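When you get a sec, could you build the whole thing from the sequences and use the hints?
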Amino acid sequence: MPKNNKKAGKNGNNVSVENEMDKTIISFIDYNDKKLEEKVIDNIGDCSKFKRKGTVSWININGLENRKEIEKIGKNFNIHDLVIEDVFDTSQRPKLDEFDSYIFILFKMLTYNNKKKKIEIEQVSMIVGEGYIITFQERKGDVFGDVRKHLENEKSKIRTQGADYLAYTLIDAVVNHYFIVLENVGEEIDKIEDRLILNPNSRILKTIHKLKKEMILVLKSVWPLREVIGNLRISSSPCINKNTLIYYRDIYEHVLQFIDAVEIYRDMISGQLDIYLSSVNNRMNDIMKFLTIIATIFIPPTFIAGIYGMNFRYMPEYHWRFGYPLVLGVMALIAVVMLIYFKKKKWL
Amino acid sequence: MPKNNKKAGKNGNNVSVENEMDKTIISFIDYNDKKLEEKVIDNIGDCSKFKRKGTVSWININGLENRKEIEKIGKNFNIHDLVIEDVFDTSQRPKLDEFDSYIFILFKMLTYNNKKKKIEIEQVSMIVGEGYIITFQERKGDVFGDVRKHLENEKSKIRTQGADYLAYTLIDAVVNHYFIVLENVGEEIDKIEDRLILNPNSRILKTIHKLKKEMILVLKSVWPLREVIGNLRISSSPCINKNTLIYYRDIYEHVLQFIDAVEIYRDMISGQLDIYLSSVNNRMNDIMKFLTIIATIFIPPTFIAGIYGMNFRYMPEYHWRFGYPLVLGVMALIAVVMLIYFKKKKWL
Amino acid sequence: MPKNNKKAGKNGNNVSVENEMDKTIISFIDYNDKKLEEKVIDNIGDCSKFKRKGTVSWININGLENRKEIEKIGKNFNIHDLVIEDVFDTSQRPKLDEFDSYIFILFKMLTYNNKKKKIEIEQVSMIVGEGYIITFQERKGDVFGDVRKHLENEKSKIRTQGADYLAYTLIDAVVNHYFIVLENVGEEIDKIEDRLILNPNSRILKTIHKLKKEMILVLKSVWPLREVIGNLRISSSPCINKNTLIYYRDIYEHVLQFIDAVEIYRDMISGQLDIYLSSVNNRMNDIMKFLTIIATIFIPPTFIAGIYGMNFRYMPEYHWRFGYPLVLGVMALIAVVMLIYFKKKKWL
Amino acid sequence: MPKNNKKAGKNGNNVSVENEMDKTIISFIDYNDKKLEEKVIDNIGDCSKFKRKGTVSWININGLENRKEIEKIGKNFNIHDLVIEDVFDTSQRPKLDEFDSYIFILFKMLTYNNKKKKIEIEQVSMIVGEGYIITFQERKGDVFGDVRKHLENEKSKIRTQGADYLAYTLIDAVVNHYFIVLENVGEEIDKIEDRLILNPNSRILKTIHKLKKEMILVLKSVWPLREVIGNLRISSSPCINKNTLIYYRDIYEHVLQFIDAVEIYRDMISGQLDIYLSSVNNRMNDIMKFLTIIATIFIPPTFIAGIYGMNFRYMPEYHWRFGYPLVLGVMALIAVVMLIYFKKKKWL
Amino acid sequence: MPKNNKKAGKNGNNVSVENEMDKTIISFIDYNDKKLEEKVIDNIGDCSKFKRKGTVSWININGLENRKEIEKIGKNFNIHDLVIEDVFDTSQRPKLDEFDSYIFILFKMLTYNNKKKKIEIEQVSMIVGEGYIITFQERKGDVFGDVRKHLENEKSKIRTQGADYLAYTLIDAVVNHYFIVLENVGEEIDKIEDRLILNPNSRILKTIHKLKKEMILVLKSVWPLREVIGNLRISSSPCINKNTLIYYRDIYEHVLQFIDAVEIYRDMISGQLDIYLSSVNNRMNDIMKFLTIIATIFIPPTFIAGIYGMNFRYMPEYHWRFGYPLVLGVMALIAVVMLIYFKKKKWL
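Protein sequences appear in the order of chains A, B, C, D and E.
Numbering-wise, my numbering puts 247 at position 248 of the first sequence, and it's gapless, one number per residue.
Numbering-wise, my numbering puts 55 at position 56 of the second sequence, and it's gapless, one number per residue.
Numbering-wise, my numbering puts 195 at position 196 of the third sequence, and it's gapless, one number per residue.
Numbering-wise, my numbering puts 256 at position 257 of the fourth sequence, and it's gapless, one number per residue.
Numbering-wise, my numbering puts 263 at position 264 of the fifth sequence, and it's gapless, one number per residue.
Since the hints were derived computationally from the structure, they do not count as laboratory data.
The model shown is predicted, which means the values in this text are computed figures rather than measured ones.
Each statement offered as a hint is correct.
Here are the simulated distance ranges between beta carbons: (1) B/K74 x C/N152: 18 to 24 angstroms; (2) B/I24 x A/R66: 38 to 44 angstroms; (3) B/E226 x C/K67: 46 to 52 angstroms; (4) D/K38 x E/R194: 51 to 57 angstroms; (5) B/N152 x A/N65: 24 to 30 angstroms; (6) C/K209 x D/G144: 38 to 44 angstroms; (7) E/G140 x D/F98: 34 to 40 angstroms; (8) E/I233 x A/D285: 54 to 60 angstroms; (9) C/W222 x D/K38: 46 to 52 angstroms.
Quick reminder that beta carbons are idealized off the backbone N, C-alpha and C, glycines included.
If you want it as structure tokens, here you go:
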């Protein structure tokens, strides 16, 4: 069935996919505790010869442009058609599908784009079989770089474990990266905090709303992962060794912790919105108070000046010797009385 | 029992049903992997002769006006009276009823009316038996058109599968259409986003409220579908082949994804409402600030002018040589001091 | 235990019970598929003689004043004391109590009082035994009228079914009436919608708040019914035939649908409140803008007029030939400049 | 472990405990269907001799000052240390602990202090064993007075039942008293309703906030009781007769009903807060509108008067015969035009 | 896997860790009912010799700087690597991990920093094995001081119980301390209450927002503890004696009670925010009303004064004998009429 028209959800996410590469890159790592082979391959025909007992093979596919080749891999490894379709539909929710001979895990990678000052969401899918892992990324990312380094280290624990442990390290790398992304958001929030006090303006409002929107998107992207890892942690699939389950439990707790942190950030952003609104309001009130004071202090004296600007013939004050200073005095008196009144009312 | 008086719920949905056709159209498709027969029938008497082993029959009924004929179909296929009543009561929630020899699925179709710029909700019911499907639509729609084309293609997968797979493709077509409808809403939201910055007016407010209301209606229409498909995906009905269940699981995830997207849109619309309100507020504040500045700058000089408009006989300033320019200078000074004060207070 | 002091909950509901009748009316219908006997009885002693095999007896009690007689019925049919107490305590939540030989169902009837323009909530209790039903209503209502007519029709399905089916038709009549009540609310909402655009005033605010309160009361009255019917639909009580369960499932869906509709109405009412508030605000802003424009346009010219009202001896402009028109021209110029400025700022 | 420092929760409740008595009063009632003994005892040594087969003993302890004596009772009846500690820690949540030979029930008593116009929350604990009940109250209360009267009546049902039924009547008395307290709140809400229309001031605001806070405290105090009674109603403890369970089910429904009523009140109070805020706002708007009208009507005429107060030599109007009345006419005209404009705009 | 980069969550918590000590201090207590040995040890090599049957050993580690030594302890007691990693990752959520030979409990300690007037959150982890407990604290705290004193008392109950009871007393000490911290918050809230009435200013607003944020952090820190203790209370681990479970049930109720209290505080803080906002608003309204009254009272008389400042030749009033007092009288009359109008409208 056509799924191309499911773009709405993705547009909703507002995640631009500009820097997508032109070509799908397939990299291949095959290792056991004694040796490690690594290469970039063009043609999946090469792939099958690596499939042998006793090693773990990790095929990483960057970019989903080369649909044909990817479908070939699917057939090579006997993957269900719907799974391959899910790989291409990049607007999926995180999910876990357990099949007889492999597990399909789909989740989101978050990266913080420093130039655009925003969080980018990328879909990562992973097929975990006995002795092999296939990962699909929308774009070339460097989140798995650390795992590769660990793999190259002959003494690292990964080298002695199976594909299920490699899957754990990969998911763990992604989840750890979530916290780094969140740290960037935390810094933006701190900046806003400072600017809120110094100079609340409508640009801050936009930044706050942008952050709020991003937090919603992040939460929606990560929330279902909770269930995915929650199920993985108690999985009885033959692809996952029982000793590895405790590591998935560990990731599970990190996901919960991340969700907690996102919710704390959301609360903080809401709080900042409240502070912004009340500080704008306060400022407006200050301006209004100033107007009130100026206006009410000058209104009565201006009225008096108006009276003595009248041209009646019979106005005895006009002829008084000290009429003018007297009137000025009365005016000053009224102004002073008003100021005292304001002071007493704590309006000043 | 009479259900005609259950219109309230439907009015609540505010979905107009003007373009309803005058006549119920019954179309009929009968196929297996080798041949396909398709025709529009008037009389359900014709129908029974298509019922034979080895093919899948799909009876599609557009329009519910011809109640008698539809009830005849119900009896023909041995459908429970309550099910037929549910077909006619177009204000139902999505639901799944499993009977011994068939499954009754009721759900909502969303279409975006481009002229009226609004989402229309139509009820679709489906009876899935062994070897046959009956679908009921309120109005003539073209959502099933793609499925028909697929059917006509001899090599398509549907031709080799049973009625349960046809049911999947039909539901999938409807759910995929949800995302297209959502895309239209997404475009409206984008338009509002632009207009919010350029010129926030009360027309935007109405559009935002309209969208908000529509999102509520959409959510209410689709939310129970989550449970319906959720149950279908683990159904043990004899009408559904176990190999087809994985496809229903696929739809289930699309429904979840759709609900997520709707909720993201709702959050975005709420955010826009907040932006609208604060931008209207900002504008008002700008106007008030301007008034304040003009008023407070002119009030003291006006008062001074008032003083020197008084007619006291003994006002020595009147006779000063440079009284007039002096007073003008004082006035200018006061205005400048005030402007500086405003600047310092960041009110300007 | 005394329950007379549990009126608080009822007052909370704010439902007046003025038109309560002075006398309890006990009506009695006894029927099977062949004959139907109907009469109004004074004394419950008459009642027992109708208890015979092969017919369904429906005792309907309107008004709870005659406590003694009702308690006698309770003993006659061997009803638990607490059930009878529940019948009299008209502030109960809907509930289902299954006993060995009967089922006790308590729910709320909604009626729309057209004169007072408000929804009235009345408690209805129902005891369903094998071969008999006893219904208790607070006041004389006509919701069961339709059921009575159906009963009198010899060919109606009810005549061939047991007491459990009669119970279904009675509950269904009440639930169907919910939708009629909701339709009245829908009309009120539509009226408000129109008035909100034409003339938002504080009377609308009160109507909106009244509707909001009513929707809360309706929801609280009907919400527990969801669970009641939900349990009834899977009941294993001997009083309910398994073939009847599907009808209760039908009511269950109507209750869900009703709750959905009420929630949509609540959302719509909230939306109207928002629209009201922002339209009041808009209006206020329009007034303030008008003040600002008038004031700021006239303040500078008035100041200039003040200057040339000063009485300094040496003011050369006084003696200019075209001093007066020049000053008028300057004033006009300032006003025009300001208007252009306002226009540019889109404040006009 | 020390629990003295758990006062924070209690302070949070803001419940003053001033009128606590100086001395713990222990009253003792021992009864069966034939006789009843009642006395106030000083020393718990007396207590044991009442422990005999065939009667129900109710020890009621008013005031928790005499810790030693109460601990002695605990030992006498073989009560767990933690239970006795819970009795003294008056900031507990309602809870149910089932032990082998007794049940410990802890809940809150609400009383409405008419002088202080506020709800007071008191902790009541109850130990229900076979043949005996021990109740602990913080202060001397009269809620159990009714139960005592019932006990003294030889024909009352309590006299023929066991300790579990007495426990039911005591809890029922407390729960019934909840509704009386709520009635007082209802009266306060009605008073506010009236005053909101006549004269909204900030004192009402405080009353509304006080009620809101009280409703939160009440809800928090009663909410866990739902679970307590919910568990009690399906208890399999030997201390509770199966025939009594139906009475606990009855209380359970009252608790649900009470919680519903409290939530309705909370919604009503929130609604009143909204009405208050919008009526304050309306009033302010009325004042501002009045200012606007006065100001804008007088600003242009005042400006005209200013113009004709200028002292230019060449102002031909000064010498016109009807200059003065003409100008007055123009002023009046402007004012009238403005009034018509306001009227048309519905600002008046 | 590296967890160092999981600081984001911690920054999110905004808990400063300045006063962290330079050195990890390991203290050691070994006791049974007859003797107690206590010392501070440098080297974990010493540790193993205390491991013997018949005593309970409590190793308390203050400060996590000495990672190597702590890892050595882990190996010594055969603790899983992930557990040791969790000990160092101080941004964990409270959690319970049951292993075959020990239980790992991780929770948060709250302390109120009196100088900075804020709540500090510290992570405490605890390994409970048979006959030994290891506790890890981020900083040197004195919350366990009471427990130590109890231990030193030969007659205290702890001395006769196992490690599981010691674990209970330690957790209980922490949970009891929660209430003390809350008491400090309660005092701050009381202070705000007073200041809100006397002088609402923006500093109060900041304090309220700070408290709000703190309550969120506290809730997030303690909320998962509910589940942790909830599971502990029904644990079937061999490390926990069945008789001790009732004590964990006791803590469980304290945690629920604490969460209730925090939520009440949150509601109170929200209420205060509302009061603050409406009191600021009220004040502003008072100022605006004052402006309105002054302005509207003086506007008409000022206009009249303007009229009689005009220089028309033919203005008969100028020559009236009592023109001046008459005009003054008219002005006074207008002012009085206005004041009466305001009074009647209750604007004064």
